[in-house]
Structures are given as structure tokens and as C-alpha cells.
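One line per chain: the protein sequences are A and B, in this order. Under my numbering, residues 1 to 724 are what the first sequence spells out, in order. Under my numbering, residues 1 to 487 are what the second sequence spells out, in order.
For the record, the hints were derived by calculation from the structure and aren't laboratory data. Treat the hints with care, since some could be wrong.
[What the hints assert, rightly or not] Over 10 angstroms on every C-beta distance to chain A, these chain B residues come out as not near it, computed from the model:
id	residue
1	Gly-115
2	Gln-122
3	Pro-135
4	Leu-145
5	Pro-287
[To be verified] The list that follows gives simulated cross-link-like pairs (lysine-lysine, DSBU-like), each with its CA atoms no further than 30 angstroms apart:
id	chain 1	residue 1	chain 2	residue 2
6	A	Lys-151	A	Lys-104
7	A	Lys-39	A	Lys-75
8	B	Lys-63	B	Lys-281
9	B	Lys-281	B	Lys-255
10	A	Lys-692	B	Lys-228
11	B	Lys-83	B	Lys-368
12	B	Lys-61	B	Lys-462
13	A	Lys-487	A	Lys-104
14	A	Lys-487	A	Lys-151
15	B	Lys-255	A	Lys-692
16	B	Lys-255	A	Lys-128
17	B	Lys-462	A	Lys-10
18	A	Lys-323	A	Lys-370
19	A	Lys-504	B	Lys-255
20	B	Lys-228	B	Lys-281
21	A	Lys-692	B	Lys-309
22	B	Lys-371	B	Lys-61
23	A	Lys-354	A	Lys-340
24	B	Lys-100	B	Lys-83
25	B	Lys-92	B	Lys-102
26	A	Lys-692	B	Lys-281
Just so we're clear, the structure is a prediction, and the values are computed from it rather than from any experiment. In this text, a Cβ means the ideal position worked out from N, Cα and C, and glycines have one as well.
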Amino acid sequence: MTCHGGIRQKGGLSFLFRESALDSLTSGDFAIVPGSANKSTVIERINERDPELRMPPEGSPLDPNEISILTNWIKQGAQWQDHWAYVAPNPSLEPPELSEKKGKRDLDKFVLNRLRAEGLTLSEEASKPTLLRRVSLDLIGLPPPESLANKFLDDASEDAFENLVDSLLASLHFGERWASFWLDLARYADSQGYQKDNLRPTMWMYRDWVIDAFNQDMPFDSFTIYQLAGDLLTRPNEDQLLATAFHRNTMSNDEGGTDDEEFRVAAVLDRVNTTYEVWQGTTMGCVQCHSHPYDPIRHEEYYRAYALFNNTQDRDHTSDEPKMELLSSPQRTLKTDYWKQIELLRETGDTIGKTYEEMVNAFMAINPLKVPVMRELPLDSSRTSHVFVRGNWLVHGEEVQPGVPEALGQPQSRHPTDRLELAQWLVHSKNPLTGRVMVNRFWEQLFGRGLVETLEDFGSQGSVPIHQELLDWLAIQFSDEHRWSVKSLLKQIVMSATYRQTSKISPQLYQMDPYNTLLARGPRVRLSAEQIRDQALSVSGLLNGRVYGPSVMPPQPEGVWNVIRHVKGWQTSFEPENQNRRAIYTFWRRVSPYPSMISFDATSRELCVSRRIRTNTPLQAFVTLNDPVFFGAAQSLATRMLENSDDVLNQISFGFQQTLFREPTHLELETMQSLFRHSLDLYGDTPIEVSKITDGIGEESPSMAALINIASAILNLDETITKG
Amino acid sequence: MKIIRELFHRECEHLTRRHFLKQGSLGLGAAALSYLTGCHTSLLEDHSDKSFLGTPKLVPKAKRIIFLHMAGAPSQLDLFDYKPLLHQLDGKPCPESLLKGKRFAFITGIPEMLGPQFRFSQYGASGSWVSELLPHFTEVVDDVLFMKAMHTEEFNHAPAQLFMHTGSPRLGRPSFGSWVNYGLGSENENLPGFVVLVSGNSQPSGGKSLWGSGFLPSVYQGVEFRSKGDPVLYVSNPEGIRRNVRRVVTDAINKINESAYQEVGDPEILTRMAQYEMAFKMQMSVPEATDIGDEPEYIHKMYGTDPGKLSFANNCLLARRLAERNVRFIQLYHRGWDSHGSNDFENLHGGFVQRCAEIDQPMTALVKDLKQRGMLEDTLVVWGGEFGRTPMQENRQGNTNPFKGRDHHGNAFTMWMTGAGVKTGITYGETDEIGYDGINSRIHIHDLQATLLNRLGLDHEKLTYPFQGRDFRLTDVHGRVVNDIIT
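Construct all of the structure, not just a fragment, from the sequences and the given hints.
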């Protein structure tokens with residue numbers, strides 16, 4: 001493909017499309033003549049003895065078996081088979097029949113069937129505490145609330161796990177956790193990007209829309225249509241319009257001398273790339289400059305996709321216009337309250353007094369927020385779109401009409417003509433990719449690795465799924481059985497025996513399948529940046545669980561935001577309760593994201609990113625040991641340990657219970673006890689250190705100092721940082 | 001290609017873990033390092049048959065780079081690129097031919113030409129031109145290579161800085177230092193391989209993206225050593241936790257983690273244990289490396305340093321200390337060069353003169369100091385802004401600015417280099433008689449990048465990483481090694 005693909009077509013030959021492979025070569029001969037191996041140059045060249053002429057040019061010649069396969073294929077007519085991901089999954093796919101293993105669910109049958117071929121089977125179910133913590137971190141991004149935890153751990157019935165799952169799915173924190181996932185794809189941030197990186201102080205309204213959509217279990221087809229084209233619906237409501245802020249998360253540039261058109265074009269290109277990456281797992285970046293080097297997508301098809309997005313009013317203005325005006329929900333509540341009181345006063349005729357005037361003024365003073373949204377140009381001023389020659393926006397090639405790449409399947413009889421039709425096509429039952437791509441994303445969130453590992457690339461350069469039938473079946477389940485309900489899909493996955501397996505690895509299994517692609521064990525994955533912060537605040541009792549609202553600025557070291565003079569500095573949220581909100585509410589500035597988030601692999605949100613690459617670095621240890629947020633959590637957890645009991649063993653045990661929902665093992669207890677004694681020794685002679693470490697928490701004693709270090713150690717255990 | 005890369009990385013991880021497992025004990029720097037720096041060089045060498053990109057590596061001339069970036073873009077016409085003709089043209093309207101079809105950041109209408117603002121003389125055996133603003137620097141002109149016909153397409157600070165350091169004017173690409181560490185790994189087990197030092201009134205316009213790892217794994221991102229507070233964020237223990245306490249806490253964490261490893265068998269746990277050990281070591285090595293207080297008096301005199309202060313001089317000395325400790329890529333930013341003439345800070349006779357005074361002695365000392373220690377043998381020092389300045393006086397919105405100043409200009413500007421594997425005592429490239437355009441031996445930013453990578457033993461066309469379906473590289477699809485300037 002490197003030599004005969006979309007960029008290089010040596011000798012005039014490209015294997016990307018059947019017609020180009022069958023076309024005549026520069027030499028005038030034909031590489032492939034269907035039905036006639038003798039006339040096909042390809043066969044001649046692979047049989048060639050002269051190494052100068054033989055293909056492939058490097059390495060040893062093809063073996064006789066390979067040659068005979070190719071020869072027979074040409075004899076039989078050289079049929080072209082599309083790449084697996086471009087062929088829609090078969091809707092009547094059934095799970096394999098398995099006689100034994102009664103009680104396993106359909107999902108597990110696919111996995112078992114594959115495992116059996118390897119002489120493996122599923123691992124046993126994980127322990128209850130492990131499962132409890134795993135499913136809670138997965139579904140709501142937090143450790144389980146105490147009541148749910150106790151209920152589940154005490155409940156020996158068959159339904160215990162399902163009840164737990166149902167409660168978690170119903171929690172408002174569910175939306176926060178899944179919004180965190182979506183916002184990486186939406187490249188959501190609270191600033192505009194580029195040099196000045198001015199703030200976008202109302203963009204959080206979109207973030208709240210996403211949280212709410214997940215909480216309402218908005219079907220994924222509506223979720224898609226509203227975000228891509230809510231403005232094009234007939235009489236769209238406020239929420240449908242707000243959803244289109246999805247594509248207003250593109251960056252805008254406000255520097256002297258920049259050409260607004262250049263950056264408008266850059267934003268439109270980003271919308272094309274993001275849309276195709278998010279819904280189609282297709283990398284369109286290459287096609288901007290030339291035909292796709294590896295996948296059958298033509299250069300001009302990119303610009304047909306571009307044309308669909310090239311007709312909105314936004315023009316890289318500093319103001320981020322066009323915007324819609326709307327009230328946030330606290331504003332709405334307040335405004336309604338005032339209105340009720342005004343009406344009350346009117347009814348009683350009390351409209352002359354000071355109270356009435358104050359009420360009216362207060363009512364009037366609540367101004368709607370202005371949020372950037374998509375708005376189409378009127379028909380008479382719509383733009384024409386052209387191919388950009390070699391991707392250069394200044395060099396226009398031929399004019400193009402809106403459309404979608406043919407290789408990805410065709411919507412009925414004609415191409416979509418606007419964003420709405422595009423969105424409808426993306427969630428159409430004949431679209432081969434959307435269901436698979438999305439199911440794969442959710443799977444990766446739960447298992448730490450997609451069934452197709454390259455979440456962002458389902459093309460020929462992406463990885464091939466080991467469990468393709470499972471992927472296809474789940475995709476069909478998602479759209480047909482669950483009618484695009486994300487909650488139902490997630491429930492189906494977490495209820496499976498596959499998900500509930502223990503994550504313990506035997507050396508043999510590790511040798512055989514180090515990355516768990518076969519799924520013979522449960523997931524074991526380091527927590528995300530958001531989960532790590534949220535968990536520390538939660539188990540230490542510091543978390544402010546308030547849902548929704550403007551972004552907040554929890555404390556960060558001085559000078560971190562001293563990036564650019566044009567924008568006012570980081571103003572630490574004054575109210576203590578806003579310092580301990582969940583990570584998703586932390587103000588996200590593109591040039592300088594929150595330090596602890598970056599250490600744990602969060603992205604800067606400049607571009608759509610499907611996969612955060614998980615790293616394991618010493619800088620992470622600095623965060624969870626020394627960042628004041630985590631040190632504060634250790635202090636608070638220690639205080640709770642102390643309040644719980646006078647006995648150090650019980651205190652340690654309580655710390656483990658709070659964090660890991662299990663009793664410490666003998667070794668853990670002993671290790672922590674010895675840490676306690678060591679610390680007591682070290683703090684015994686240094687009362688100044690004791691007063692420093694216990695500063696602001698009321699109890700100043702060497703044993704408190706020792707407990708803080710124990711709490712910090714618990715918060716830093718691998719098991720704590722990991723979802724086991 | 002993508003899958004091969006991916007596999008290689010996996011293999012690398014896998015090997016490292018096996019290596020770790022064999023040793024079976026804690027605190028193994030080498031194994032820990034694999035995660036800090038990607039893959040340890042020795043492991044790469046073990047597998048040289050399928051090394052990075054299946055091609056033999058070039059012979060490296062340099063082991064590390066110190067890049068002195070003058071953020072804001074100093075005027076080459078007032079420092080190095082002497083144009084006597086501009087004296088005569090001073091105050092005359094700019095010919096239309098220079099303005100036709102050009103975009104400027106601020107100039108509109110017809111600006112006036114602006115002569116050299118300072119006295120120039122020739123120095124050294126090489127006869128290099130330097131203005132009166134850099135008296136110290138005149139002493140080392142024979143040790144450096146001047147590149148006078150540098151050029152770039154970008155004419156605004158952030159995109160131009162991103163272009164210089166990531167090869168693309170847009171956000172989101174890996175930076176130079178990240179690429180280098182991804183390609184070569186680190187040689188220091190206790191310090192990051194890519195360190196950033198910032199001085200001046202604030203950070204450079206391009207922000208932290210200038211040392212971001214883009215789509216490369218985040219281990220490769222630059223670590224900013226701050227001058228105030230913790231040199232590395234959160235490297236210090238909280239108040240009330242001394243090093244001996246941190247030791248016993250780390251031991252307890254790792255003891256329990258080790259038992260977890262015995263129980264669940266996930267090698268990732270071993271990596272985490274190693275990282276906690278490494279963090280513990282860094283708590284010593286970072287303050288030790290960054291404490292310039294222990295340098296002898298004559299060194300402080302030479303650099304003009306004042307320990308504890310935020311200054312370019314301190315950062316230059318720190319750069320030498322980091323280079324001694326084998327940090328692979330040391331990036332300095334000194335900000336405040338944007339001499340438009342719109343206010344006194346941006347005045348060629350105001351802020352600009354001050355900036356020159358801030359850098360002259362320390363950068364000269366850095367060159368001399370590296371030389372006397374024999375470190376120019378394997379260290380490359382690069383100096384320059386993100387673009388140059390116009391030979392015209394800036395006229396914002398058609399009005400001549402109140403102070404002497406010049407607008408942004410990408411067509412031609414000067415950079416200098418010294419050290420391992422580059423020719424010195426010469427000037428390469430020439431501009432026209434008013435310094436507006438390069439007329440021969442021009443070097444594009446991508447060419448500079450290709451050349452610097454080449455000196456480190458990396459082929460800029462082979463150093464790639466797959467993202468969004470494409471193999472990306474620092475030099476995008478451009479760049480050529482400038483063979484004329486290398487040894």
C-alpha cells in the first residue's frame with residue numbers, strides 16, 4: 001500500500017479501488033485482468049526471477065502458496081471485498097450455541113466461544129468489594145456512596161448486583177462521569193485557544209447539556225442529531241440549539257494581522273475531522289491534502305464532507321458570534337421566583353411600595369447567558385465549496401457538492417445535502433460504522449482497551465478486532481434492541497460474566513495474552529485524571545457533590561496560569577465548597593490545563609482525542625503525595641479514622657474500608673501498623689513538624705501526624721489508583 | 001506502519017517488564033526509566049534489528065541541545081545583520097514593491113524605512129558584525145555560526161513559536177524536545193529528559209504547548225523548572241513531612257504494592273513501585289541540580305548570576321548544570337523582545353536595550369563555560385527568535401509609532417549556533433541590501449529542525465509517530481539537512 005496506494009501509485013498502479021487496480025498501467029499493460037492470470041502483470045512480477053524486477057521489491061519472494069492464492073483469485077474474477085468495517089454488521093447475527101456454561105449471558109457466549117478455541121475459559125467472578133468499586137467507578141466515576149455499598153455488601157441475594165447497577169445508573173453522578181468521556185471527543189474547553197486563549201465563560205452551558213443528556217439517557221441517535229444539526233430541525237427547542245455548541249468548541253484566533261477566513265476554514269476542517277473521528281472512527285486528516293494513502297477515500301470526497309459544514313455563520317470572530325441567549329437553570333429558578341412574587345404583589349395591589357420595585361429590578365437584572373451555537377447562512381448567501389489543492393486553502397480546485405465518502409456506505413439514493421441529513425445518515429441503520437465505533441468506545445471505557453484497540457481508526461491501518469462478532473452483535477443490540485439507550489447498553493455489558501471476572505493474572509495467562517485482548521480476565525486499569533481527584537475527595541469526605549453549574553477554579557500553585565498577559569489570572573474559587581467540586585467542573589483553559597489533570601494524561605482539549613494514552617510517571621506520585629488537594633484529602637481521611645476509633649488497628653481498618661471497601665489483609669495491617677510506629681518515633685522529637693502537618697485540623701498530636709501519613713499511603717496504593 | 005510502531009512500543013514495554021521481573025527487587029532505575037523516557041536506550045540497542053524505524057541510526061555528533069529562544073523576536077537589523085544602506089533610507093517612504101501582496105501584523109499603508117539604531121563593528125578573525133548592544137558576545141564570535149537568512153511563513157508570535165518548536169503553527173503537535181526524547185530516550189535516571197526554563201515578564205505567547213508532547217505519550221512532555229516555589233510542581237513534601245518520613249511512607253506503599261503484585265500479577269504495579277522510588281530520588285536530585293548557590297564565585301561573576309532571582313542569567317547557569325547531568329533537551333525562553341515602538345517596553349531604545357543587557361553576559365558565559373569544560377564537544381547551543389523584524393519603522397493603523405520600533409517579519413532573520421558538529425567562525429546566508437529578503441543560502445525553520453535532529457543522530461524523515469491515520473514528524477513533509485553548515 002505504501003507504493004501502490006493513495007499517495008504513491010508506482011507504475012500507475014493503486015490497489016485502493018477495484019477500478020484503479022484493474023485500470024491500465026503507465027506501461028499500457030494491465031496489472032490485473034480478471035479471469036486471466038497469464039495476462040496479469042502482477043502474476044508475472046511476483047514470479048519474476050530477476051530480483052531487480054521481482055515484486056515485492058524488498059525481502060524474500062512470496063512463497064508458492066501465496067502465489068497460488070493470488071493466481072487463483074485472479075482466475076476466479078478478482079473479486080474485491082470491502083474492508084470489514086465498511087460492511088454493515090449482520091442484523092441477524094446470533095450468539096454461538098454453547099451447551100455447558102449455563103447461566104451465562106449472550107454477550108459471554110461470544111467471548112467463551114473464542115476463549116475455548118484457545119483452550120481458555122472465563123476467570124471466576126471478582127470479589128464483592130472489587131466488583132462494587134469497579135462498577136461504581138465505571139458508572140458514576142466515584143466510589144459507591146456508603147448506603148449503596150453497605151446494601152450491596154450485605155445483600156446475599158441473586159439480584160444484589162443488578163440492584164446496585166440500577167441505582168448507579170439512576171444517580172445524577174452518572175451524567176458527570178460519561179460527560180467527562182464525551183468532552184474529550186467534543187474538545188470542550190472554557191477558552192478559545194491559540195495565542196490569546198481568551199476565555200469562553202458560558203461554554204459550560206454546553207457541558208451541562210451533555211451531563212443532562214446522559215442523565216436523561218437521551219437516545220444516542222437524538223444525541224447525535226441535536227449536536228450536529230439541532231439548529232436545522234423544524235422549530236428546534238432551546239436544548240436542541242444549545243447542543244450545537246458541540247461544533248463551536250473549535251478554536252478561534254484573535255491575533256493581530258490574522259486572516260479570519262483562514263481560521264474560519266481551519267475550524268470547518270476541524271469539524272469535518274472531528275465528526276468523522278467521533279462517529280465513523282475514520283481518519284480524514286490525510287485526505288485534506290491528497291487521496292487517503294491506505295483507505296478508499298478520495299481527495300474530493302473530503303471536500304464534499306467539508307461542504308456540509310461550510311455554510312455556517314461563524315467567522316472566527318473574537319465575539320464567538322453567532323450565539324443564542326438562554327437562562328441557566330439557577331437563573332430560571334430565580335427568575336420564576338421573582339415573577340411569582342411580583343404576581344402576588346400585583347394580586348394584592350401592592351405595586352407602589354419599595355418591595356415591588358426591588359422585585360421588578362431583581363427580575364430584570366437576570367440577563368440570559370450568550371452561548372456560541374451553530375447557525376446556517378441564509379440560502380441566498382450560502383458558500384460554494386472547492387477542493388483545496390494539496391490542502392492549501394488559498395488554492396481552489398474544482399467546485400464540490402455536499403456528500404459523504406462512498407466507501408463508508410451510501411444513504412439510500414442520494415448524498416446528504418446539509419448537516420441534518422448527514423447526522424441522520426450517521427445514525428441510519430445502514431451506516432456500517434457508527435454503532436460499532438460507539439459501542440467500542442463504551443467498551444474501552446469499561447475494559448481499558450477497545451475491542452478495536454484503535455478507537456479512532458477503523459480503517460485498514462487500524463487494529464483488527466479479535467472479537468469482531470461480539471462487536472457487531474453489540475452494535476446491533478445498541479441500535480435495535482436498546483434503541484440507542486446508553487444506559488441499557490452499559491447495563492448489558494456490566495451485567496456480563498466477562499465484565500465481572502477477577503482481574504488476577506496467572507503468569508501463564510500473562511505470557512499468552514499480556515494485554516487481555518482475549519478477555520479471559522477482568523479489566524485492571526489505572527483510573528482517569530478525573531476519577532483520581534474525585535475519589536480522593538470522596539473517600540476523605542471532602543467532595544462537594546453538587547451537580548451542574550459554571551466552571552470553578554480550585555486552588556493551583558501560584559504562577560501556573562501566568563501564561564499570557566491578555567487574560568486575567570486564575571482566581572481561586574472563593575467559596576470553600578467550590579474548591580472541592582468534581583474534576584469535570586474545573587475550569588479548562590487550553591494553553592494551561594489544571595496541572596494534576598495533565599499529569600494523569602488528560603488532554604489540552606485543543607483537538608478531538610479518542611484515546612488518552614495512559615502513562616505511569618514519577619510526576620504522578622508527586623501529585624497524589626504532595627498536591628495540596630491530595631494532602632488535604634489525607635488530612636481529612638485521617639481525621640475520620642481518628643473519630644472512628646481509639647485503636648490504631650481499627651483506625652487503619654477504617655481507612656481501608658473507606659477507600660477500598662474491604663478489610664486490610666494481615667500484611668497490610670502489619671505494614672501500616674509499623675508505619676504508624678515509625679512515624680510516631682520520627683514525630684516524637686519534632687513537635688514543630690507535628691504542628692505543621694496537623695495545621696488547621698484541630699488535633700495536634702504525634703499520633704495524628706502518623707495517621708495522616710497512613711491515610712496518604714492508603715490514597716497512594718496501587719489498588720487505590722487502579723480500578724481492579 | 002502504525003501497527004508496527006504500536007507493536008514495537010508494546011514489545012518495548014513488555015521487555016522492560018520482563019527485565020524488571022528478572023531482577024525481582026525494588027528501585028531499579030533502569031527499568032523505571034523506561035516509563036519516564038519511553039524505552040531505555042540499552043533496550044533499543046538490544047533490538048537494533050527492528051530499531052526505531054528499521055533503518056540504521058546516523059552517527060550522532062551531539063548528545064544534547066540547549067535552545068535559547070528569545071520570545072517576541074529580537075531585531076536582527078539592530079544586532080547582527082548590518083545594513084549601511086538603511087542609514088541613507090532612514091525616514092524615507094518604503095517603496096511600494098516591498099509592500100505589494102505582503103501581510104504584516106500591524107503595518108498598514110506606507111511606512112517609513114528605519115536605519116540601524118546602534119553602532120556596528122566587526123569582531124574576531126571571522127570579522128563578524130555585532131552591534132554595540134552585545135559587547136560581551138563579541139568575544140565569542142569566532143566560536144559561533146551565524147545563520148543570516150533564516151525564514152518562516154508565520155508572522156505572529158504564538159504560531160511562529162509553535163512552528164519553531166513543533167514544526168506546525170497550529171496547536172497540538174509534539175514539541176522538539178519531546179520528539180528528541182521519544183527518539184533517543186534519556187541518559188539521566190533522576191531527572192526529566194526535557195527541561196524548560198522561562199524568564200522575562202511572563203511565559204512565551206505559545207504557552208505550554210511549546211513544550212507539550214502533543215499526541216506523543218505524556219512522559220515525553222517538557223517539565224518546566226520554575227524559578228519560584230517548587231522547581232518541579234509538587235516536588236516538595238507538604239509542610240510537616242520530612243524526608244525520613246517520606247522514606248517510610250514510600251516503603252510502606254511499595255511493600256503493600258509488592259504484595260498486591262504477588263496477588264494479582266499485573267506488571268504495571270512494578271512500574272508504579274519504580275516510579276515512587278524515582279519520585280523519591282527526584283526529590284533530592286531536582287533541588288540539587290537547581291541549586292546554583294553552590295557554584296564558585298568566579299562562575300557567578302562570569303554569568304552575572306544572583307541565586308534566588310528570576311533571571312536569564314540564572315537560567316543559563318542552570319542550563320549548564322542540567323547539561324552536565326545529561327538532560328537531553330534544555331529549552332530556555334526569555335521574553336520581552338517585541339519591539340514595535342508602541343510604548344517604552346517595546347522601544348528599540350528602551351526595552352530592547354534592556355533585554356540585550358540581560359542576555360549579553362550570560363549567553364556569552366554559557367558558550368565560554370561549556371567550551372572550557374569541553375562540553376561543546378557534545379552539546380549544541382542554538383539562539384534565536386521566532387522570526388525577525390522589518391527594515392521599516394512600524395506605523396500602526398497608518399500612524400508612525402511614538403517610539404522606534406519594527407514590525408514582525410518572517411522573510412529574513414538571524415540565528416546563531418555553536419557546539420557539536422557545526423562549523424563555527426563563519427556566517428552562512430545573506431540578505432539583500434536592506435535586510436528584507438534572504439538572497440542566498442536561506443534556511444527554513446524545517447531545515448533547521450532537520451539539521452539539528454541530524455546532529456543528534458536522528459533522521460527527520462524517519463522519526464515519525466502515527467496519529468489520526470497519518471505518520472507525523474517534526475518537519476511535517478518538509479525540511480532538508482543543511483550540509484554546508486555541519487562538520
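A quick look at each hint next to the structure:
no.: 1; hint: Gly-115; in the structure: 24 angstroms, holds
no.: 2; hint: Gln-122; in the structure: 36 angstroms, holds
no.: 3; hint: Pro-135; in the structure: 31 angstroms, holds
no.: 4; hint: Leu-145; in the structure: 31 angstroms, holds
no.: 5; hint: Pro-287; in the structure: 13 angstroms, holds
no.: 6; hint: Lys-151/A x Lys-104/A; in the structure: 25 angstroms, holds
no.: 7; hint: Lys-39/A x Lys-75/A; in the structure: 10 angstroms, holds
no.: 8; hint: Lys-63/B x Lys-281/B; in the structure: 24 angstroms, holds
no.: 9; hint: Lys-281/B x Lys-255/B; in the structure: 18 angstroms, holds
no.: 10; hint: Lys-692/A x Lys-228/B; in the structure: 21 angstroms, holds
no.: 11; hint: Lys-83/B x Lys-368/B; in the structure: 29 angstroms, holds
no.: 12; hint: Lys-61/B x Lys-462/B; in the structure: 18 angstroms, holds
no.: 13; hint: Lys-487/A x Lys-104/A; in the structure: 21 angstroms, holds
no.: 14; hint: Lys-487/A x Lys-151/A; in the structure: 22 angstroms, holds
no.: 15; hint: Lys-255/B x Lys-692/A; in the structure: 27 angstroms, holds
no.: 16; hint: Lys-255/B x Lys-128/A; in the structure: 24 angstroms, holds
no.: 17; hint: Lys-462/B x Lys-10/A; in the structure: 21 angstroms, holds
no.: 18; hint: Lys-323/A x Lys-370/A; in the structure: 6 angstroms, holds
no.: 19; hint: Lys-504/A x Lys-255/B; in the structure: 18 angstroms, holds
no.: 20; hint: Lys-228/B x Lys-281/B; in the structure: 21 angstroms, holds
no.: 21; hint: Lys-692/A x Lys-309/B; in the structure: 27 angstroms, holds
no.: 22; hint: Lys-371/B x Lys-61/B; in the structure: 16 angstroms, holds
no.: 23; hint: Lys-354/A x Lys-340/A; in the structure: 17 angstroms, holds
no.: 24; hint: Lys-100/B x Lys-83/B; in the structure: 22 angstroms, holds
no.: 25; hint: Lys-92/B x Lys-102/B; in the structure: 19 angstroms, holds
no.: 26; hint: Lys-692/A x Lys-281/B; in the structure: 24 angstroms, holds
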